[in-house]
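K.L.:
Below, each chain spelled out in residue letters.
2 protein chains.
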Amino acid sequence: MPDYKTPLRDIKFVMQELLNCEEHYQRLGYQDATPDMLDAILAEAAKFSEQVIAPINKSGDQEGCTWKDGEVTTPSGFKGAYQQYVDAGWPTLSHNVEFGGQGLPHSLNTHIGEMLSAANNSFSIYAGLSHGASATIEAHGTAVQKTMFMPKLVEGTWTGTMCLTEPHCGTDLGLLRTKAELNENGSYAITGTKIFISGGEHDLSENIIHIVIARIPGSPEGTRGISLFAVPKFNVTESGEIADRNSLICGSIEHKMGIHANSTCVMNFDGAKGYLIGKVNKGLNCMFTFMNAARLAVSNEGVASADASFQGALTYAKDRLQMRAISGVKNPDGPADAIIVHPDVRRMLLTQKSIAEGGRALVGYLAQLVDSSYAETDPELKVQAENKLALLTPIGKAFLTELGFEATSHGVQIFGGHGFIQEWGMEQLMRDARISMLYEGTTGIQALDLLARKILGSQGEIMKPFISEMVTFCQQNSSLEAMKPFITPIMEYSEEWQLLTQSVGKKAIKNPDEIGAASVDYLMYSGYIVLAYFWAKMAKVALTNIAAGSDDSFYQAKLKTAHFYFDRMLPRAKGHAACINTGGKSMMALNEEEFVF
Amino acid sequence: MPDYKTPLRDIKFVMQELLNCEEHYQRLGYQDATPDMLDAILAEAAKFSEQVIAPINKSGDQEGCTWKDGEVTTPSGFKGAYQQYVDAGWPTLSHNVEFGGQGLPHSLNTHIGEMLSAANNSFSIYAGLSHGASATIEAHGTAVQKTMFMPKLVEGTWTGTMCLTEPHCGTDLGLLRTKAELNENGSYAITGTKIFISGGEHDLSENIIHIVIARIPGSPEGTRGISLFAVPKFNVTESGEIADRNSLICGSIEHKMGIHANSTCVMNFDGAKGYLIGKVNKGLNCMFTFMNAARLAVSNEGVASADASFQGALTYAKDRLQMRAISGVKNPDGPADAIIVHPDVRRMLLTQKSIAEGGRALVGYLAQLVDSSYAETDPELKVQAENKLALLTPIGKAFLTELGFEATSHGVQIFGGHGFIQEWGMEQLMRDARISMLYEGTTGIQALDLLARKILGSQGEIMKPFISEMVTFCQQNSSLEAMKPFITPIMEYSEEWQLLTQSVGKKAIKNPDEIGAASVDYLMYSGYIVLAYFWAKMAKVALTNIAAGSDDSFYQAKLKTAHFYFDRMLPRAKGHAACINTGGKSMMALNEEEFVF
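Residue numbers (UniProt numbering), protein chains in the order written: chain A, 1 to 597; chain B, 1 to 597.
Since the hints were made in silico from the structure, they are not lab data. There's no promise every hint is true.
Identical copies carry no separate label here, and so any pair may be met within one copy or between two of them.
[As the list claims (entries may be wrong)] Straight line, CA to CA, 20 Å or less: simulated EDC-like cross-link-like pairs of lysine to aspartate or glutamate: (1) Lys330 with Asp172; (2) Lys12 with Glu594; (3) Lys330 with Glu221; (4) Lys318 with Asp172.
Extracted from the complex, chain A is given alone in its bound form (with noise of 0.2 Å):
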C-alpha cells in the first residue's frame, strides 16, 4: 500500500480559499478557529493519520477482528493508536466546552475526518460512530444522561455505536422487533438482536454506549412507534462511574468484503438497561441527528478512498515504464515511457483527481452549512443552510460514494494485475470502499430522499437557495472569457436539472412509479452539476491567482482538472439525462412469472 500523504495544500485551499473559512468562522462565533490554530490542528492530524494509523491498515486488513465469548480482539496496534488518538485530545475537538470538548467548528473536525479515513477506514468509523453517538445523547439527552454520558464520550475513553437494523429490517425500520418494557426505576429493559453494529464490541475503549432504537409495547406500528435509548455496556452510575455490567453481549461478528478492522457485530440485548433519550415514540426524529451526521461522514469516505487510490495510482503511474507513448518517445534513456504518458492512464488519474479534489470542495461545503446549521443566528440565513444541507446530503452520501468506489477501481486498474494483488494495496482500497454505499442508507434511499420526499415533497422549493447560489456564481462572473468554459455548461445543465424535475414530477402525478425509476439516475444527473459548480468556484480561485501573477503549479494544476472535469465527467450526465426521459415503464412490465432464471 503506498504511503498515505495528507493533502493539506488541498485541504487548506478549500477551507481558506474556496470557503473562506476565516469569515465564516468568525461570523459563527468560533473564535478559536484562528489560521495559525488551524494550521497548526491540521499539521498534527496529518501527522497522526500518516504515522499512527495508516501503517496499521493493511496489517488491520490482513489480521481482522476476531470474536472469542462475546469479547472482540482489534488487529494489533489498534488499541495502542486508539489511545493515542485519545491521548492527543482528538476526539474532543468539536465537541461542547461544556462536556470537555474543545468547542471547535465541526466543519474543521469533517476535514480531519477525511485524513483519517484515507489513512485508515475501519479506524476511523470507531471514531466517527462515537461522535454522533455522544451529538445525540448532547442533542436530545437529559441533563442526567449528559452528565452519565458526556464526559467520557467527549474524551473518548468510552466510544458509541448507533444500532439500527435487526435481521429481517435494515431500511424498513418500522418493523422493528427489539422491544423496551419500563423498569420500576424509570429505566427501561431492552430486549432483542441488532445486526450490522460497527464498533458494537472491541477492545479499544473502557465502555461502549449504544444508542438503539427500540419499540415500547403498546406503541403504535411502523415508524411512529419507536423510540431511542442509550444502553451502556457496562452500567454507569448517575454520577458517571462504570458500574456492573449490563445484560448485552455481542453473539457474533460478521466476515466482510472489507474494512475488517471494523469490528460489525450482532449484539443481543437481553432486558439491558437502557436511558430513554428524546420523547417516547419520537426515536426516529433525534436518529436523524446522528444520521445526518454520519451521511455526511460517509460522503467523507467517498472522498478519501478516491484521493487514496489517485495518491496509490499516480505514483504507480510516474514509475511503471511501459510501452511508448504514441505521439513520441518520452523517456529516451529507459527501455520505455512512464504509463502516465499513455492518455487512458491519463483519464483514470484524472478522474480520481477531478472526484477527490471536486469531492472535497463538495464536503467542506457541507460541513460549513452543518456549522451554520448549529452556530447561525440569521433566522433567514439559518433556514437556507438548512435547506442547502438537506438537498445536498443525499447527493453527497449516495453521489461521492459511488464515484469514491468508481475511483479506487481506476486505482486498480492503472496497476494492471499488479492492482489485483494484495500487496500493493489497491484492492483493499476498492473493498473498503464497497461499503461506503451500503450504510446510512443505500444509493437507492437516498436518491428516494432527495428526489421523492426533499425535492418533490417541497414541490421544487428545496433547490431554489442551492439554484440561486449557482445562478448568481454564473452571473457574477459571465463576462470573464476564461469562465465562459465553465459558466455556459452550468446554466445549461442547471437548466435541464429543473426541466428534468418538473418532467418527473408530471409523471410521477400519473405513476408513482416513475419516481423509483427516475430516482437514482437523477440523484446522478444532479451529483454531476453539483460537483461542475464547485469545479467551476475552484477554477475561478485559479484564475484569479494566475491572474494576479502566481507561479504555484497548484492553481494551474486546478485550472486543468477543472477543464478536465467539465470535458469529460459533467458529459456523463447525458447519459443519465436520456435514460431519465425514458421513464420507468419498462421496468415495471415484467410480472413475477416472467422474472425468472
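Mind docking chain B on chain A? Use the hints.
P.N.:
Here is chain B on its own, set in the frame of chain A:
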C-alpha cells in the same frame, strides 16, 4: 451463495432460436452436433456445473490455494472435481478427433464455459487455460510435439498455462528478459521469471505444459525477437511419456482480491528444457491463437458473473420484505412487500439480466464466428467471419467484463448491507469478476486494439461487414410496427457510431493522443450499440413466437427486457459520445509537476 442454476433455456434460445446453430453446424460439417446430441451434452454440463463445482465455489474462496516448497495445494474438493471433469471427457469436447477429441464445435464448448465460470470461476480458469495451451500446440507445433503433448492435454490428465508476464512487463511484452538458449539436442534452455501464471502449479494434473515466450540470444529487440516454447513441468519423451522433473519451480503464489482457488504463480525457469513452437522470433504471432481464444473465454466470464449475481439477487429480491410499494400495497398479508416491487431494485435486476442475456447472445455469436474461422470453406465468408471476429473480440472482452463487474456490484447493492457479508456469496462474485477487466489485456488495451489497430488501422474497413449485417437486419424489419422501437435507435446510433469514428480519425491525424483519449469511451459506445443489435434480434424472435400464438412467458420476458435495454442501457452511450466529442486536450494538459498530490 445462492445455488447456481444453469440457464439452459436461455442458452438453447441463443444457440437454436437466435443463432440457428443447427444450420450453422451442418454447413460447417459438424455432423455430430445434432439437436439431440447438443441437448444431452448441455444437460450433462449443467449437472456437472451445478452439482460438482458450484458447491465448492465458496469453500474454495475461503480456503484458497496454499504453497509449500514449490508445490501448490488447491482447496478441498478441487482435485476430486477435476478428476470427474476429466473422467467425463469434458476437456476433449471440441478437440480434434486426431488427438482424442470429440470434434464438436468450439461454440458448444463456449456455452459450457459460461456454465463452468458461473458455477466456479476459479475452477473454470484451470480448464480454460489448458484448452488454450493445446490449441496453440495444435496450430503451431511440430508432429513430434503434437505426439508428445496433445493426447494428454486433450484428455485433461495434463494441464497447460500461458507464461507471458514478467515482473517488469505485462502489456509491453517487447521488454521481456526470459531467455532461451539452444541446447545441443535442438531443445532450448529457458531461464527467467514469469509472474501471474494462472495454474502455473497445482495438484490437479499429472503434468503441466507451460507455453512460454522468451528471447533467443541475438534476436532483435522488442516484439520482433520473441519466440514461443512448450516447457513441461515433468520432461516428456518423444512418445509422450512422463520422464524426470524439468528445472522449473513455482516460487510463490499471489494473494489476490478474488479467484482465491485458482493459483496465480511466480514461475522460475532455471535452464528448463523447452521446445520451440513455430518459427524463431514469430512467437507473438503464434501466441495470438491463444490470446484470441482466451479473450473470448474472458468475455464469457463477464456474462457468467452477471448471470450468477442476477440469480442471487433475484432470489433475494423476491424473498426480502422491506417497505411498501409506492404504487400501493402488494403483499397485504405480510409485514412489508418483497423488494422486487421497488422500481430501483428492478432497475438493477434488469440491468443484470440485460447484461447477462445480451452478453450471452454476443458471446454465442462470437463463438460461431470462431467455428467459421476454423471450418468455413467459402473464402469470402471466412474473411467476413474473421473481420467480424477481429472487430468484436475486444468489444466482447472489455465491454462485457466491465458490465459484468457492474452487474455483480448491483447484486451486492440489492442485498443491501448483507451484500457486503461473505456468507451470502454476493461479494465473492464481485471480487472474482474484477480480474476479468485486467487479464488477457486490460480494458484500455482492448480499446486501443479496437480503435487504433483495427478500426483506424483499416480505415474503418473492418467495421463494414458487421454494420452491413446490422443495416440489413434493420431493413428487413423496418416495416414491422413492433420492431420500430428497436430499429429506429439502431439506425440512429450506428450512424452516430460511424460519425464518431470519422471524427476521432480526423483528430488523430493532427494529434495521435486523441486515439488513446477517446479509446475507452469509444469502446463502451461500440459495446452499447453492438449489444443493442443482439437485443433487437432477440426481440424479433420473441415477437415472432408471440405472433405465432406462443404463450411461453419466456418470450414476453425477453421482449420486455429488450425494451428495458433500449430504454435504460443504450442511452448511456450518449454520455460516452459526449465525452468522445470533447477530445483529449484537458487530459494531456497537465505536466509532470502539476500531476502531484
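K.L.:
The structure should be examined with respect to each hint, and the outcome stated for every one.
P.N.:
A quick look at each hint next to the structure:
| no. | hint | verdict |
| --- | --- | --- |
| 1 | Lys330 with Asp172 | between (57 Å within a copy, 16 Å between copies) |
| 2 | Lys12 with Glu594 | between (55 Å within a copy, 18 Å between copies) |
| 3 | Lys330 with Glu221 | between (69 Å within a copy, 19 Å between copies) |
| 4 | Lys318 with Asp172 | between (48 Å within a copy, 16 Å between copies) |
The structure shown violates none of the earlier numbered hints.
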